[in-house]
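Q: Each chain, written out:
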Amino acid sequence: MQKLSTLLYLAWKSVLNRRLAALLTVLSIACSVTLLLGVERISQTARSSFISTVAGTDLIVGARSGQIQLLLYSVFRLGDATNNIDWQSYQKIAKHPEITWTIPISLGDSHRGYRVMGTTQDYFEHFRYGSEQHLQLAQGQRFSGLFDVVLGAEVAQKLGYGLGQQIVIAHGSSTVNTFVHDDKPFQVVGILQRTGTPVDRTLHMSLQGIEAIHVDWQNGAPPRAEDSLSSTQVSQMDLTPKTITAFLVGLKSKLGIFSVQREVNNYRGEPLLAILPGVALQQLWQLIGIADLALRVISSFVVLVGLLGMLTVILTSLNERRREMAILRSVGASPWHIFGLLQLEALLLALFGCVLGVIFLYVLLWLAAPLLAQHLGLWLVFTGLSHYDWIVLMGIALAALLIGILPAWRAYHHALSDGLTIRL
Amino acid sequence: MKSTFLASLVVFALPLTVHAGDEHHYKQHAAHEHGTAQLNLVQEQQTLMLELTLSNMDVLGFEHAPSNQEQAQAIEKAGSVLADVEHLLTFNPAAVCTVTSAQAQRKALEHHEDDHEDGHEDEHEHEHDEGMHKESTHSEFQAQYAFNCQQPEQLKTITVQFFDVFPSLEKIQVQMVTDKGQGADQLTAQHSHIELP
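These protein sequence lines are chains A and B, in that order.
Here this note's numbering is used: position 331 in the first sequence is 331, and no number is missing along the way.
Here this note's numbering is used: position 74 in the second sequence is 74, and no number is missing along the way.
For the record, the hints were derived by calculation from the structure and aren't laboratory data.
Just to be clear, a hint being listed does not mean it is correct.
Unchecked claim - Here are the in silico distance ranges between beta carbons for each label pair:
id, chain 1, residue 1, chain 2, residue 2, range
1, B, E76, A, T383, 54 to 60 Å
2, B, V96, A, I298, 44 to 50 Å
3, B, Q190, A, I290, 40 to 46 Å
C-beta: ideal position from N, C-alpha, C; glycine also.
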């Protein structure tokens, strides 16, 4: 024990003597540790925010396409539907005895790059995210009138909209819009609280509102001036939608989920697809997981490069330290002490690298958290080092010891052959 | 016990209400892949249900309707092998799961030809004399299991033996729904246990 603390003291002093090279080595290890742990943190956060986009929804029903495609357009507002669902089909399925609630959604229009979604009051009632949280209004109220719109938190913040703001909905989802429904402006009646999900980037209105802005359109083209109907004329019409894009389903009992799924998939009226959002999310994550794995592999290699840098630094220092070793031998150090000294040095450098790396990590997370929340909707949770993190750190220390064997072994041999006299 | 029975009625015998009164029909053909099985798992409180669908190529080695005594016996034997759930599924003991029902039967894949287009629901009812119908060249075996688990929150892993019983089976696609959430998994002979969410 006494010997170990002496060795540690000697190793420490020796490192201090070469402090610039040592500091750079520690820094390079620290950066690689930050990268490796940071990638893990971000991927964890992305995963949990991803999984929390939809909760408590048993099934999502849309036109028959792929599971992931349906999930992407219905939940993440990415991409477009291949087809719409007939309103009658929706009504028929919604009456199924096993189904307690449905949330119809109608997509296709946008406002300055943000998707507009038509739905019903059931959306506020039944939609849940995260750990079963309901949507909350930060300001105002739910939409009730034909031309009312409720904004997601990000839409309101980015575009600087408040209650009472008049907005115009554009046809289609491109940011450069040729057709604008400027004859029927909408009024902001509510703003939702931030959820960290795609809801924040959505404008919500009634299905009838969506129908109203398209009711005088003919063959998918805007009406000529003389055919166009005013907002008041439109509000007296029957605005039951003819189609919707998809709907979310809540069941009475989970036990019925697969039979309802099968019935929807075998529905004879039109080709439909019912997906389990949790299953589709997992499949999507597996796809993304490849990129995630690639990032991890790259950052592991960065750690390896850091450790090899340390090896280079120690190895090149060996020659100039022959005198140091000789002095140590002259005061009674055995060749094994020399071996231990160099092992300790490698370990010390790696440990300092790890500690500094973890400090960098938390500073970086603290700096990046507001940016990530604002731009990507990712909410970083500040937790201590996870089990995984500790394993990574231990792995790095172990790798440093293994790598340290090479210079230690060389120094051991030098010590044996040189003895007290150095032939330089 | 009674509630589990009722629950199994809910799952397996739901009235096909959605189908009633549709005006137009179109042909649809379910995907059917040899070597791949589909396993649906659902757990709510103490009730756990599993439903396995295998292609008959993997179970019997033939997919057509039985044409001789030997083949009829093979179907019967496969049915009893698949119903013998104790040898097919193992739960982690802490969950304390006991079998409440297990059954398996051969099913011809639905295919809708003009001559019995409206006989869609009949196909389910007349399965016992399915040889009488014109049936698709593909068929499946379906097994349904129900369990009662006293400690459902302890249910962590389920090990399946289907790969040993049916050597040509390559993978099982698992969809699961539990009180803790939904999940998916893919089982192979090397990775033959389901980890629940």
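Q: Run through the hints listed earlier and report the numbers of any the structure violates, in increasing order.
A: Hint check: 3 fails alone, others pass.
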